[in-house]
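*Asks:* Position 338 of the sequence shown, counted from 1, bears residue number 338 in full-length UniProt numbering, the numbering being contiguous throughout.
There's no promise every hint is true.
Said to hold, decoys possible - Straight-line alpha carbon distances no greater than 25 Å define the calculated DSS-like cross-link-like pairs of lysine-lysine that follow: (1) K236 <-> K223; (2) K325 <-> K244; (3) K114 <-> K80; (4) K331 <-> K257; (5) K223 <-> K329; (6) K324 <-> K257; (7) K296 <-> K252; (8) K331 <-> K236; (9) K281 <-> K244; (10) K76 <-> K92; (11) K92 <-> K148.
Calculated from the structure, these hints are not laboratory results.
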Amino acid sequence: MAIPRVFISSTCYDLKHIRENLKFFVKTIGYESVLSDEGDVFYSPYSHTHESCLKEVETCQLFILIIGGRYGGNFKDTDKSITNNEYKEAVKQNIPIFTLVEAGVYSDHNVYNKNKKDKPNIYKNISYPNIDDIKIFDFVDEVRNNGKNNAIQPFRNFSDMEIYLKKQWAGMMYDFLLEKNKESESKLTNKLLDNINLASRKTEELVKYLLKQSNQDNTNIDKEIENIDNKIEAEKFVQLVIDKFNLNELPKIALNKLINLDINNISWIEFLEFLGFKRTKSPDNKLEILWAPHEKMGLQIKKEGVVSNHENFVNLTETFSSLKKLNEKDKKDIYQKFVDLSNK
1 MAIPRVFISS TCYDLKHIRE NLKFFVKTIG YESVLSDEGD VFYSPYSHTH ESCLKEVETC
61 QLFILIIGGR YGGNFKDTDK SITNNEYKEA VKQNIPIFTL VEAGVYSDHN VYNKNKKDKP
121 NIYKNISYPN IDDIKIFDFV DEVRNNGKNN AIQPFRNFSD MEIYLKKQWA GMMYDFLLEK
181 NKESESKLTN KLLDNINLAS RKTEELVKYL LKQSNQDNTN IDKEIENIDN KIEAEKFVQL
241 VIDKFNLNEL PKIALNKLIN LDINNISWIE FLEFLGFKRT KSPDNKLEIL WAPHEKMGLQ
301 IKKEGVVSNH ENFVNLTETF SSLKKLNEKD KKDIYQKFVD LSNK
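Use the sequences and the hints to build the structure in full.
*Replies:* Have a look at this one:
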């Protein structure tokens, strides 16, 4: 059974007993602790030991940061500590971080900030009894000023740390269970929407039948029904692009540029590239991916030269084909939806 891995980051020797206690605490919870001084980090023969620590952070699901009175050694070729760089890697990987600061350091940090404001000319020259380097205060500020995951908890002893972590991890489990309930409700909602869509389709078929039974010209009726079908499918193309690429906005684009674009001889991929999407290839040229303008979401369009037959790809191809069949007025209505996204 897979279990969460918890990276414990701090200076080693001054916090040795704290780290030892945390190791056993994590074990009693049923998780796996990762400590560099316990041989839990794989030190690759092809990279620096500091880089190996950062690689190990990537493999963990939780990150405990302990800030004590020692700044510790610098990370290679930088003026930042190893612990600081481990923290940065956890932020980069979006790993939940639990920051604990020694009470004495936390108190000195408050005094430091007050001196920084009241005595800007000498605050750096003042001696603070609980630290060996004022860069520790910069580190605390870096954590606190982060846009998210920036909680800081002072501690006097290991008991304080244990109580805090138990509460935080219990809260995290509660959030997880709550999200699972929401996910179940979402699936139920989607099922209801599918049923509504089916009922709508049945109604549409009934309307088609009734129209054909009227005294109107059947040729015109068939053409009108085809136009309605194409417009519905073209609107689906817009929604598919928004959903599959998690799209909130587009680069600025003018409506007249879209109106003047001849889409009859291009694919939906080229159309999206016109809107600001980017097509890239993997270094080995085996994969071709289309990226949204924000480059956070992509869709595989080719693998080893073969065009994708994935449902998303097929749906986008078919709905874009419907867009091509629309008259100029209806095309303009569809284009306007993309322009609206570019004006956000």
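*Asks:* Please go over all the hints and tell whether each is borne out by the structure.
*Replies:* Now the hints, each set against the structure:
Restraint check for K236 and K223: the C-alpha separation of about 20 Å stays at or below 25 Å, so the hint holds. Between K325 and K244 the alpha-carbon distance is near 23 Å, which keeps this suggested pair within the 25 Å criterion. A C-alpha spacing of about 24 Å is found between K114 and K80, which places the hinted pair at or below 25 Å, so the restraint holds. About 13 Å separates the Cα atoms of K331 and K257, which keeps this hinted pair within 25 Å; it holds.
Between K223 and K329 the alpha-carbon distance is near 16 Å, which keeps this suggested pair within the 25 Å criterion. Taking the CA atoms of K324 and K257, the gap is about 16 Å. The hint holds against a cut of 25 Å. The suggested pairing of K296 with K252 holds, with an alpha-carbon distance near 18 Å, which does not exceed 25 Å. For the hint pairing K331 with K236, the CA-to-CA distance comes to about 13 Å; that is within 25 Å, so the pair holds.
Restraint check for K281 and K244: satisfied, since their Cα atoms lie roughly 19 Å apart, inside the 25 Å limit. Distance hint between K76 and K92 is fulfilled; the C-alpha atoms sit about 19 Å from each other, no more than 25 Å. Taking the CA atoms of K92 and K148, the gap is near 12 Å; set against the 25 Å cutoff, the hint holds.
Going down the numbered hints, you'll see the structure goes against none, and every one checks out.
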